[in-house]
Amino acid sequence: MEGTAVKKKPRTKANPAQKIKEAYIDFVLENGSKPVSIFKFVKELKVKEELFYDHFNSFDNVEKEIWSDMFESTIKAISAEEVYNEYSAREKLLAFFYTWIESLKSNRSFILQSIPKRMKPEITPYYLEHVRNGFKEWVADLLLEAKETEEVTTRPIISDRYDDAIWLQFLFILGFWVKDDSKSFEKTDAAIEKSVNLAFDLMGRGPLDAMVDFGKFLFQNR
Amino acid sequence: MKEQSKIPTSKVQRAAKFVKTGAKVGGNYVKHYAKKVVNPSLTKEGLHEDNARDIYNSLSELKGSALKVAQMMSMDKNMLPTAYQDKFSMAQYSAPPLSYPLVVKTFQQYFKESPSAIFDTFSKNAKNAASIGQVHEATQGDKKLAVKIQYPGVADSVKSDLKLVRPFAVRLMNLNEKDLDHYMEEVETKLLEETDYLLEVERSIEISEACSHIENLRFPKYYPQFSAGRVITMDWLDGKVLKEFIQTNPDQETRDKVGQAMWDFYDYQIHSLRQVHADPHPGNFIISDDGVLGVIDFGCVKVIPDEFYDPYFSLIRKDMLTAGPELDNTFKQLQFIYDSDSVEDKAYFSEVIKDMMGLLGQPFHQNEFDFGDDSYFQKIFEMGEVISESKKFRESEKARGARDGLYINRTYFGLYNILNELKARVRTTKPEWAARVAV
Numbered sequence: 086m087e088g089t090a091v092k093k094k095p096r097t098k099a100n101p102a103q104k105i106k107e108a109y110i111d112f113v114l115e116n117g118s119k120p121v122s123i124f125k126f127v128k129e130l131k132v133k134e135e136l137f138y139d140h141f142n143s144f145d146n147v148e149k150e151i152w153s154d155m156f157e158s159t160i161k162a163i164s165a166e167e168v169y170n171e172y173s174a175r176e177k178l179l180a181f182f183y184t185w186i187e188s189l190k191s192n193r194s195f196i197l198q199s200i201p202k203r204m205k206p207e208i209t210p211y212y213l214e215h216v217r218n219g220f221k222e223w224v225a226d227l228l229l230e231a232k233e234t235e236e237v238t239t240r241p242i243i244s245d246r247y248d249d250a251i252w253l254q255f256l257f258i259l260g261f262w263v264k265d266d267s268k269s270f271e272k273t274d275a276a277i278e279k280s281v282n283l284a285f286d287l288m289g290r291g292p293l294d295a296m297v298d299f300g301k302f303l304f305q306n307r
Numbered sequence: 117m118k119e120q121s122k123i124p125t126s127k128v129q130r131a132a133k134f135v136k137t138g139a140k141v142g143g144n145y146v147k148h149y150a151k152k153v154v155n156p157s158l159t160k161e162g163l164h165e166d167n168a169r170d171i172y173n174s175l176s177e178l179k180g181s182a183l184k185v186a187q188m189m190s191m192d193k194n195m196l197p198t199a200y201q202d203k204f205s206m207a208q209y210s211a212p213p214l215s216y217p218l219v220v221k222t223f224q225q226y227f228k229e230s231p232s233a234i235f236d237t238f239s240k241n242a243k244n245a246a247s248i249g250q251v252h253e254a255t256q257g258d259k260k261l262a263v264k265i266q267y268p269g270v271a272d273s274v275k276s277d278l279k280l281v282r283p284f285a286v287r288l289m290n291l292n293e294k295d296l297d298h299y300m301e302e303v304e305t306k307l308l309e310e311t312d313y314l315l316e317v318e319r320s321i322e323i324s325e326a327c328s329h330i331e332n333l334r335f336p337k338y339y340p341q342f343s344a345g346r347v348i349t350m351d352w353l354d355g356k357v358l359k360e361f362i363q364t365n366p367d368q369e370t371r372d373k374v375g376q377a378m379w380d381f382y383d384y385q386i387h388s389l390r391q392v393h394a395d396p397h398p399g400n401f402i403i404s405d406d407g408v409l410g411v412i413d414f415g416c417v418k419v420i421p422d423e424f425y426d427p428y429f430s431l432i433r434k435d436m437l438t439a440g441p442e443l444d445n446t447f448k449q450l451q452f453i454y455d456s457d458s459v460e461d462k463a464y465f466s467e468v469i470k471d472m473m474g475l476l477g478q479p480f481h482q483n484e485f486d487f488g489d490d491s492y493f494q495k496i497f498e499m500g501e502v503i504s505e506s507k508k509f510r511e512s513e514k515a516r517g518a519r520d521g522l523y524i525n526r527t528y529f530g531l532y533n534i535l536n537e538l539k540a541r542v543r544t545t546k547p548e549w550a551a552r553v554a555v
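Here the protein sequences line up with chains U and E, keeping their order. Residue numbering for the first sequence follows this note's numbering, starting at 86 and increasing by one per position. Residue numbering for the second sequence follows this note's numbering, starting at 117 and increasing by one per position.
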């Protein structure tokens with residue numbers, strides 16, 4: 086798995102953006118807080134301030150990029166799995182979450198620093214904005230495929246909001262993992278398995294659809 | 117196999133499951149007594165069957181140790197009436213599988229590689245459910261392998277599960293609280309050992325090498341390099357499980373051959389190795405087409421301490437059962453009776469246990485024993501009923517029987533039970549010291 090991709094990439098002069106991101110992570114890890122100012126940060130890094138602004142405009146931006154790097158490497162890692170294409174949509178989502186948590190693991194200390202102790206799952210934190218866009222795009226493809234294979238039923242109004250629901254699940258799993266204290270995060274594994282299964286059971290055709298259908302029939306034929 | 121959509125895991129969910137079953141079982145009793153008012157000749161058979169169905173249905177939805185307890189209770193025919201027994205032995209065959217991505221994840225956690233990278237082929241769906249995991253089929257070169265994978269978090273849930281089973285077990289098995297504590301500890305350590313797959317591989321290799329000289333017996337080869345805390349890789353054994361084997365209606369000669377291998381295997385483990393494969397569940401044996409017995413799953417191994425072995429197995433000598441003070445002494449060592457018991461109690465318990473040991477020791481009192489003899493087993497069940505209904509046993513302040521006996525009894529009941537289903541005639545070899553005095 087390419088879980089260590091973000092942290093362990095060789096430092097090359099050719100990629101200053103990468104260098105800044107790594108230095109930022111190091112700084113947060115060592116000092117336990119964000120750098121005070123961009124000026125001070127670049128001075129310690131021994132690069133020119135313009136170079137920083139060429140790639141980012143604020144520290145928030147750096148954080149967003151760090152998270153979206155982790156997301157990209159997750160997508161790359163699951164797509165590289167041979168069996169990935171044979172997976173059902175349910176299994177694809179499961180694979181995503183397992184791999185995602187795995188890639189978070191190598192950056193856990195940094196993540197614990199930046200995620201506040203109490204995460205509100207209904208509000209997307211600023212540093213996840215890029216991840217959300219990428220994730221929603223990926224989920225949209227997944228849902229399209231799932232509708233074709235009838236793993237997910239199309240329902241008026243609500244089926245357009247499925248991607249939002251899955252994003253909430255994403256935040257839930259992240260929050261669960263942050264608080265998980267079990268050995269090698271086995272409880273998070275269980276949380277993923279169960280919540281994804283629940284999500285797909287809800288999105289798939291169920292007794293509720295049959296009830297609505299029957300209700301409609303009665304209403305129209307009385 | 118249909119993949120189960122949700123497995124109740126949190127303690128609350130599991131508890132809810134048990135409560136539901138408890139309520140149903142209660143309902144069955146009401147139903148039974150209501151029927152009995154109308155029809156006084158009604159026996160308890162119907163009630164037991166109702167109970168078994170409800171209990172089984174809810175246990176099969178629970179993974180992990182609850183299932184294990186179900187299997188264990190299914191073995192102890194003496195504790196459970198026949199109707200329960202049939203239902204429970206199904207537990208082995210119907211546990212639901214977990215998703216493939218989780219399997220991949222488990223592999224990556226231990227080997228840093230996915231199963232498809234390690235093996236030439238790897239089945240996406242589980243081929244079999246084991247009680248705390250599932251089995252996938254893999255190939256490497258021309259070798260067919262079985263890969264057993266354990267569910268995450270099983271070890272964690274053992275303790276909370278046992279707490280849940282506890283009140284349930286008191287009712288179901290008519291045990292008193294004291295007995296239960298006495299045994300629960302033993303069960304807990306054994307269950308925790310079972311979740312340690314590295315230990316299992318170690319023991320499997322040790323025992324299968326030590327028993328390699330026994331005729332008509334085979335073991336899979338284990339691959340420690342592809343095994344880890346929650347993964348075991350071994351050779352795939354082709355053949356039929358016991359039930360399927362019996363359905364093919366094999367001739368008496370084949371039955372005897374399989375039965376004899378089974379007997380020799382246990383005889384050698386208990387009396388020579390002094391550690392035993394304590395899970396003689398029918399699902400753990402695979403019989404090849406030419407009648408060779410394959411043994412899998414060494415998760416549950418009981419080491420027999422000398423201070424238990426000596427008194428306990430001295431009871432299989434027929435002459436021992438008529439020896440007066442010596443027998444008393446042995447019973448005390450085994451905690452069947454205590455010095456503090458009243459004379460009346462002492463006499464009662466000694467008598468019942470003497471009868472029981474005489475009955476269970478019967479195969480040892482002859483050179484050859486026909487396990488197909490159902491009347492013998494009927495006697496054992498009756499004995500079990502008598503003990504479980506006995507007021508004295510239930511109200512006894514002290515636990516009767518050493519805790520080491522729990523798994524040894526289970527092993528023997530399992531063994532007898534399987535031999536009975538096989539209808540095998542077996543030359544009952546005995547340890548040398550017993551052979552000299554016996555018969």
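Careful, some of the hints might be misleading.
Heads up, simulated BS3-like pairs for lysine-lysine below, C-alpha to C-alpha not over 25 Å straight-line [as the list claims (entries may be wrong)]:
#1 U:K268 x U:K221
#2 U:K268 x E:K275
#3 E:K356 x E:K495
#4 E:K508 x E:K546
#5 U:K125 x U:K104
#6 U:K264 x U:K149
#7 U:K272 x E:K356
#8 U:K119 x U:K190
#9 U:K190 x E:K228
#10 U:K279 x E:K359
#11 E:K279 x E:K260
#12 E:K275 x E:K259
#13 E:K275 x U:K272
#14 E:K228 x U:K268
#15 U:K161 x E:K243
#16 E:K243 x U:K279
#17 E:K228 x E:K359
#18 U:K264 x E:K359
#19 U:K279 x E:K240
Source of the hints: derived by calculation from the structure; they are not laboratory data.
Verification of the hints:
{"no.": "1", "hint": "U:K268 x U:K221", "verdict": "violated (31 Å)"}
{"no.": "2", "hint": "U:K268 x E:K275", "verdict": "holds (16 Å)"}
{"no.": "3", "hint": "E:K356 x E:K495", "verdict": "violated (30 Å)"}
{"no.": "4", "hint": "E:K508 x E:K546", "verdict": "violated (34 Å)"}
{"no.": "5", "hint": "U:K125 x U:K104", "verdict": "holds (16 Å)"}
{"no.": "6", "hint": "U:K264 x U:K149", "verdict": "holds (22 Å)"}
{"no.": "7", "hint": "U:K272 x E:K356", "verdict": "violated (36 Å)"}
{"no.": "8", "hint": "U:K119 x U:K190", "verdict": "holds (21 Å)"}
{"no.": "9", "hint": "U:K190 x E:K228", "verdict": "holds (14 Å)"}
{"no.": "10", "hint": "U:K279 x E:K359", "verdict": "violated (34 Å)"}
{"no.": "11", "hint": "E:K279 x E:K260", "verdict": "violated (40 Å)"}
{"no.": "12", "hint": "E:K275 x E:K259", "verdict": "violated (38 Å)"}
{"no.": "13", "hint": "E:K275 x U:K272", "verdict": "holds (16 Å)"}
{"no.": "14", "hint": "E:K228 x U:K268", "verdict": "holds (17 Å)"}
{"no.": "15", "hint": "U:K161 x E:K243", "verdict": "violated (30 Å)"}
{"no.": "16", "hint": "E:K243 x U:K279", "verdict": "holds (22 Å)"}
{"no.": "17", "hint": "E:K228 x E:K359", "verdict": "violated (39 Å)"}
{"no.": "18", "hint": "U:K264 x E:K359", "verdict": "violated (47 Å)"}
{"no.": "19", "hint": "U:K279 x E:K240", "verdict": "holds (19 Å)"}
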